[in-house]
Amino acid sequence: MDWISKGRCHYWAGGSFVVLAVFGVVLRLMHVTFVPHLNYTFLLHAHSHFAFAGWAFLGLAMLLAGRVSPVQRRRKFLYALNATLLSAYGMLVSFSFQGYKTVSIIFSTFFILSTYYFTRQFLKSLKETRQLSKGARQLTLGALFFLCFSSLGPLALGPLMVMGLKGTAVYQDAIYVYLHFQLNGWMQLAAIALVEITYFNMCPTNPQRWVYQLLIWSNLPLYLIFTLWSNPAGWVFLIAGIAATGNLTAWFMICRGRKARLLKLPLLLKVAFLAITLKTVFQTLVCIPVIGRWAFSDRNIIIGYIHLLTLGIVTPVILDQFKQAGFFGAGKKLQIINGSYIVLTLAYLVILFVEPALKLVGIIVQDVEPQLLLLSILLLLCGVGYFGLLILGSSKKSKAVSV
Amino acid sequence: MKISTSFIRAAFIGGMALLAACGPSNGGDKQATESAPAANAENSSAASSADVDPAAKSDSKGVGKFTSVEIGTIDNAMADKGKGVFTAKCSACHQITDQKVVGPGLKGVTKRRTPEWIMNQITNPVEMEQKDPVGKALLAKYLTQMSFQNVSDDETRQILEYLRKNDQ
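Residue numbers (the numbering used here), protein chains in the order written: chain C, 83 to 485; chain E, 8 to 175.
Some hints here could point you the wrong way.
Said to hold, decoys possible - Cross-link-like lysine to aspartate or glutamate pairs, in silico, EDC-like; alpha carbons within 16 Å at most:
#1 K68(E) <-> E134(E)
#2 K64(E) <-> D174(E)
#3 K248(C) <-> D160(E)
#4 K90(E) <-> D84(C)
#5 K72(E) <-> D174(E)
#6 K118(E) <-> E162(E)
Claimed, not checked - Which bits of chain E does chain C cover? Going by a derived footprint, with three or more residues having C-beta under 8 Å, they are:
#7 67 to 78
#8 106 to 116
#9 139 to 153
These aren't lab readings, by the way, just hints derived from the structure by calculation.
A quick note: this is a predicted structure, and the numbers were derived from the prediction, not measured.
Backbone N, C-alpha and C fix where the C-beta goes; we use that ideal spot for every residue, glycine too.
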């Protein structure tokens with residue numbers, strides 16, 4: 083991983099996390115009070131696009147590359163990561179000021195091209211080195227497949243617009259192709275793959291091939307859960323339900339043989355495993371039409387689902403991997419920040435999910451927005467703490483070297 | 008090299024197939040696919056909906072079951088009930104000030120829109136944003152489809168009263 087820290091990628095990723103949290107705070111602030119000169123929709127798009135590129139992709143991609151990179155590929159991986167950074171900041175600025183217009187579309191396209199380039203380099207590296215266990219290899223290939231596959235969503239938007247379908251259910255569902263295959267396909271599988279590589283490589287109780295394959299490919303029909311909002315025909319619910327059940331089964335099978343080992347994982351990863359389990363159960367439940375209709379009509383649940391995946395699964399895995407790679411240095415401070423991060427994320431998600439649930443039984447929580455704002459500010463402080471530790475961690479390291 | 012290009016190609020072809028398979032099949036889609044050509048025929052081009060300024064006053068009654076709504080002096084009791092419904096079901100996306108968040112700020116909405124339009128938008132948002140010119144312009148501006156929040160007709164009327172009171 084040394085070549086990554088020499089390339090300073092981990093600083094940039096840590097910085098991205100802080101930037102993301104700042105945008106989160108501003109968005110939450112706009113729910114509480116009037117903020118002049120800012121456009122909520124623009125900032126929301128900046129936040130989400132930057133999260134996908136500048137944090138999730140950058141973090142996961144550098145960690146995956148660190149596991150397989152033969153020497154001759156390193157420079158090319160750095161090209162890919164730098165291209166990602168450039169497009170991430172390009173999107174951040176252009177979406178913030180202009181919204182979904184020419185400049186932001188150019189940067190988004192550039193980001194998609196960087197992910198293709200990264201995928202190509204990664205596949206070549208896999209051929210050149212054989213370091214991954216079978217399970218990790220399958221998961222990584224699955225993750226990369228969905229990474230490329232997801233780009234069909236945005237690529238379809240142009241033609242759909244020309245066909246006059248903008249604003250229809252089909253147009254919306256094309257956007258969801260991107261969201262679903264990025265979140266549930268690429269990010270989640272890549273996160274599981276990293277854990278697999280680090281903690282379960284060559285583990286004798288590893289599940290059989292079909293379990294991994296089921297976990298990966300159930301994501302294809304699982305896309306249908308993202309179309310349930312428009313209340314489609316019954317068979318769509320049925321297929322989505324079968325896919326979600328398959329996904330749940332595979333996840334259960336993966337955890338089953340590893341009980342003892344799971345209990346020994348670092349706290350952050352226990353959180354991630356719990357979050358994957360909850361997310362997998364939720365997505366099965368929404369395939370029951372009554373529950374689905376309720377869930378899709380409530381924005382807090384949708385925001386909760388996305389953040390369960392990003393803050394609950396992807397971020398803990400990246401943070402733990404950073405620690406394993408020695409980016410943070412060791413120490414008590416990291417434990418304290420980790421603990422705070424977990425408590426805050428938990429509180430944030432509980433509010434997002436419980437408020438709509440209470441509404442069902444007739445209890446109306448008057449205003450959760452100030453609490454959500456407070457939590458987002460505290461999460462920002464965690465982000466600043468992590469960034470500080472990244473800087474300190476490496477300055478300690480370089481001192482040690484110079485001594 | 009060969010592996011990687013064929014890998015990406017496979018992802019593409021698979022995706023096209025999926026889009027083709029899912030596009031028409033999903034959807035309260037019956038509405039979606041039928042309405043698109045209809046809307047195009049009416050307006051002759053997509054540009055006409057882009058010409059509508061969502062901030063401007065409109066006399067449209069919208070699309071839905073409310074074709075005529077009687078309004079008189081403001082009923083405070085009804086408005087209070089409406090405030091409760093609004094907090095529970097609308098406030099995650101709408102403020103009652105000028106502040107735009109996920110959806111438009113609702114200060115002045117009863118001056119910009121007819122009572123029928125407001126009640127149709129609350130109870131029939133998907134069709135409204137596909138067929139009504141103002142609804143389409145709003146969707147194009149905010150890029151977020153509003154969803155029906157399971158409000159009854161009575162509750163919808165109460166929300167309207169609350170919004171009227173807010174605009175006093």
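The hints, checked one at a time:
| no. | hint | result |
| --- | --- | --- |
| 1 | K68(E) <-> E134(E) | holds, 13 Å |
| 2 | K64(E) <-> D174(E) | holds, 14 Å |
| 3 | K248(C) <-> D160(E) | violated, 30 Å |
| 4 | K90(E) <-> D84(C) | violated, 58 Å |
| 5 | K72(E) <-> D174(E) | violated, 24 Å |
| 6 | K118(E) <-> E162(E) | violated, 20 Å |
| 7 | 67 to 78 | violated (count 0) |
| 8 | 106 to 116 | holds (count 4) |
| 9 | 139 to 153 | holds (count 8) |
Of the hints listed earlier, those the structure fails to meet are numbers 3, 4, 5, 6, 7, in rising order.
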